[in-house]
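Enquirer: Each chain, written out:
2 protein chains.
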Amino acid sequence: MREIVVGAAQMGPNQKSDTREAVVARMLSLLDQARDRGCTLLVYPELALTTFFPRWYMEDQAEVDTWFESEMPNAATAPLFQRARDYGIAISFGYAEKTPEGQYFNTQILTDREANIIGKYRKVHLPGHSEYDTERAFQHLEKRYFEPGDLGFPVWRTQDALVGMAVCNDRRWPETYRVMGLQGVELIVLGYNTPSVNSQMSKEGLAERLYHSELSMTSGAYQNATWVVGVAKCGDEDGHPLMAGSMIVDPNGFVVARAETEGDELITHACDMDLSVFGKETIFDFDRHRRIEHYGLITSQTGVVRPE
Amino acid sequence: MREIVVGAAQMGPNQKSDTREAVVARMLSLLDQARDRGCTLLVYPELALTTFFPRWYMEDQAEVDTWFESEMPNAATAPLFQRARDYGIAISFGYAEKTPEGQYFNTQILTDREANIIGKYRKVHLPGHSEYDTERAFQHLEKRYFEPGDLGFPVWRTQDALVGMAVCNDRRWPETYRVMGLQGVELIVLGYNTPSVNSQMSKEGLAERLYHSELSMTSGAYQNATWVVGVAKCGDEDGHPLMAGSMIVDPNGFVVARAETEGDELITHACDMDLSVFGKETIFDFDRHRRIEHYGLITSQTGVVRPE
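Chains as they are written, first to last, in full-length UniProt numbering: chain A, 1 to 308; chain B, 1 to 308.
Source of the hints: derived by calculation from the structure; they are not laboratory data.
For glycine and all other residues, C-beta sits at the position ideal for the given N, C-alpha and C.
Among the clues, some could well be false.
Calculated cross-link-like contacts (lysine-lysine; reagent style PhoX-like; alpha-carbon spacing at most 25 Å) [claimed, not checked]:
{"hint": "1", "chain 1": "B", "residue 1": "Lys143", "chain 2": "B", "residue 2": "Lys98"}
{"hint": "2", "chain 1": "A", "residue 1": "Lys120", "chain 2": "A", "residue 2": "Lys143"}
{"hint": "3", "chain 1": "B", "residue 1": "Lys280", "chain 2": "A", "residue 2": "Lys203"}
{"hint": "4", "chain 1": "B", "residue 1": "Lys120", "chain 2": "B", "residue 2": "Lys98"}
{"hint": "5", "chain 1": "A", "residue 1": "Lys143", "chain 2": "A", "residue 2": "Lys98"}
{"hint": "6", "chain 1": "B", "residue 1": "Lys143", "chain 2": "B", "residue 2": "Lys120"}
{"hint": "7", "chain 1": "A", "residue 1": "Lys280", "chain 2": "B", "residue 2": "Lys143"}
{"hint": "8", "chain 1": "A", "residue 1": "Lys120", "chain 2": "A", "residue 2": "Lys98"}
{"hint": "9", "chain 1": "B", "residue 1": "Lys203", "chain 2": "A", "residue 2": "Lys280"}
{"hint": "10", "chain 1": "B", "residue 1": "Lys203", "chain 2": "B", "residue 2": "Lys98"}
{"hint": "11", "chain 1": "B", "residue 1": "Lys280", "chain 2": "A", "residue 2": "Lys143"}
{"hint": "12", "chain 1": "A", "residue 1": "Lys16", "chain 2": "A", "residue 2": "Lys98"}
Facing chain B, according to a computed beta carbon distance under 7 Å, are these residues of chain A, among others [stated by the list, open to error]:
{"hint": "13", "residue": "Ser219"}
{"hint": "14", "residue": "Gly253"}
{"hint": "15", "residue": "Thr261"}
{"hint": "16", "residue": "Phe286"}
{"hint": "17", "residue": "His294"}
{"hint": "18", "residue": "Thr299"}
If you want the ones that stay clear, here's a sample from chain A, every Cβ over 10 Å from chain B, calculated [claimed, not checked]:
{"hint": "19", "residue": "Gln33"}
{"hint": "20", "residue": "Thr99"}
{"hint": "21", "residue": "Glu101"}
{"hint": "22", "residue": "Ala270"}
For reference, chain A alone in the conformation it holds in the complex (with noise of 0.2 Å):
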């Protein structure tokens, strides 16, 4: 048995008017909590640290420029790191992230239990638009604000498991799941800010794009023989609804952990890396399975061409 305690620390909502460090002060919370349980690993949502600013329609980029974070940790979030040092647990979390050089990236953190950051994922898929969209009900500018992810899906090797991660719409995406799959993940962690109506189809319900969101981490989780780990923030961020709907899911596809509330909730479980196993050597035995010569379009191929 190779054992991994993770807590996901689903998030209620962050106002426009929230700083930092009263964000921060909440993530402290649910780490004590996380504490409390016995967590090795804690996840918290994308975008963490801020509302889903996305939703507005910026043209300043100075403004645009007060979400983001080009440190990291920074003084903002040292208490964070300082504490989960001090309580040997390894955490994640979701930022927006300018670099030295002036790109921004919508970006997902994991460290070791001694608050070093091992790894960085940036999110690849960004759903939404760039220019303001009359049509919508409201707005979804990732793709103004961000450029798509630039590091691919890595997987580190820490805790004695291979640890991955993805952001929100990427989970969607079946190739998120294989291209970590193909490294051999045994643990995915993503975090989402997702609304709870879809602004292009306003009859679309919560109940639907619940079932969504958990179709595509089971099924992730199964056909890749890997842990999923679904991190919300949600409610109501300045009458904008975001879902809820954290869970974990084990390597046969099944939820073994589920939040009840719309508000800041930590769930636990504790993940058995060696249950990815069986599923990895039989039917998903890649090796033996796959056959890529069938699988060209995946990759020469972006958008859907029709046959004649």
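Starting from the known structure of chain A, fit chain B onto it as the hints suggest.
Expert: Chain B alone, transformed into the frame defined by chain A:
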């Protein structure tokens, strides 16, 4: 609206001793029911004409050959083609194919409404093994009797829709759906023969196996915004149970029709191909959102390569 009334003709067991003619008589009965319910496309299972013979270990190639068809249609299936033509119902079914060159495939065909074969698919993802395995509760010798399909995952334009096929274990592989999704597929029809028991883990129950089958088809449907029709041959074949669970899944990943028995049973649904449009133009608009520069491993590497 572009509607195809699709029938999923689940079939009960075929015993080793059943003749092709006896099986085709049951298929004709299902075809009659499909006409009564207004179907224009009727889908039968994998290896519809015979028992699931890969559970039997054979060394005599002449004996193996008795399970294969060297022509299609042939004497036994001619009545099925004739009546399908009379009714104007397109059909799709699976059979073991021996080619004039002496190749062996696990094949599924698709006809138009005049019973002309317009599409042929050969199963790409062969599960199981090629030599007698003393560790298994029973044998699953698909890799012994079949070669992997050599036709890829084509998509055909018929009945004003884009239709693709897959067979059984193919449905568990996201690559199957994605390669067809990249060709704009709107309806995937697939048959299966899936043992109710995991030959390598007897404690895995039927409910878990049905869940995995559903999870694979619903996620494939959702993530490619396509209809998926999965059709079982099921029930007890000479003491070996096969699971049922035939279903029709809409392009949002919801099951809209589901078989209730483990025998011959027709389920139908009027499938509007235009329901696939919204998903293909928004969240799964591949051209805007896919990032093939990060998918390389999917086609460059068959098996797992773990990081140092």
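Enquirer: None of the hints should be skipped; say for each whether it holds.
Expert: Results of checking the hints against the structure:
The suggested pairing of Lys143 (chain B) with Lys98 (chain B) holds, with an alpha-carbon distance near 15 Å, which does not exceed 25 Å. Restraint check for Lys120 (chain A) and Lys143 (chain A): the C-alpha separation of about 20 Å stays at or below 25 Å, so the hint holds. In summary, the hint linking Lys280 (chain B) to Lys203 (chain A) is supported, as the alpha carbons are separated by about 18 Å, within the 25 Å threshold. Only pairs whose Cα atoms come within 25 Å are accepted, and Lys120 (chain B) paired with Lys98 (chain B) is accepted, the gap being roughly 13 Å.
Among the hinted pairs, Lys143 (chain A) with Lys98 (chain A) is consistent with the structure: their alpha-carbon atoms are about 15 Å apart, no more than 25 Å. Between Lys143 (chain B) and Lys120 (chain B) the CA atoms are separated by roughly 20 Å; this keeps the pair inside 25 Å, and the hint holds. A distance of roughly 18 Å separates the Cα atoms of Lys280 (chain A) and Lys143 (chain B); the hinted pair therefore holds under the 25 Å criterion. Only pairs whose Cα atoms come within 25 Å are accepted, and Lys120 (chain A) paired with Lys98 (chain A) is accepted, the gap being roughly 13 Å.
Only pairs whose Cα atoms come within 25 Å are accepted, and Lys203 (chain B) paired with Lys280 (chain A) is accepted, the gap being roughly 18 Å. Distance check on the hinted pair: Lys203 (chain B) and Lys98 (chain B) sit about 36 Å apart at the alpha-carbon level, beyond 25 Å; violated. Taking the CA atoms of Lys280 (chain B) and Lys143 (chain A), the gap is near 18 Å; set against the 25 Å cutoff, the hint holds. Taken as a hint, the Lys16 (chain A) and Lys98 (chain A) pair is honoured in the structure, with Cα atoms around 19 Å apart against an allowance of 25 Å.
Satisfaction of the interface hint for Ser219 (chain A) is found here, the shortest Cβ-Cβ separation to chain B being roughly 3 Å, below the 7 Å cut-off. At about 6 Å, the closest approach between the beta carbon of Gly253 (chain A) and any beta carbon in chain B falls short of 7 Å, and the interface hint on this residue holds. Restraint check, Thr261 (chain A) versus chain B: the minimum CB separation of about 26 Å is more than 7 Å; hint violated. At its closest, the beta carbon of Phe286 (chain A) sits 5 Å from a beta carbon of chain B; the interface hint therefore holds under the 7 Å criterion.
Checking His294 (chain A) against chain B by beta carbon gives a least distance of about 5 Å; that is within 7 Å, so the hint holds. Look at Thr299 (chain A): its Cβ gets to within about 5 Å of chain B, closer than 7 Å, so that hint holds up. The Cβ of Gln33 (chain A) lies farther than 10 Å from every Cβ of chain B, with a closest approach of about 31 Å, so its non-interface assignment holds. Under the 10 Å C-beta cut-off, the non-interface status given to Thr99 (chain A) relative to chain B holds; the minimum distance is some 18 Å.
Distance check on Glu101 (chain A): its Cβ is at least 19 Å (rounded) from any Cβ of chain B, clearing the 10 Å threshold; non-interface status holds. No beta-carbon of chain B comes within 10 Å of the beta-carbon of Ala270 (chain A); the shortest separation is about 20 Å.
Hints 10 and 15 from the earlier list are contradicted by this structure; the remaining hints agree with it.
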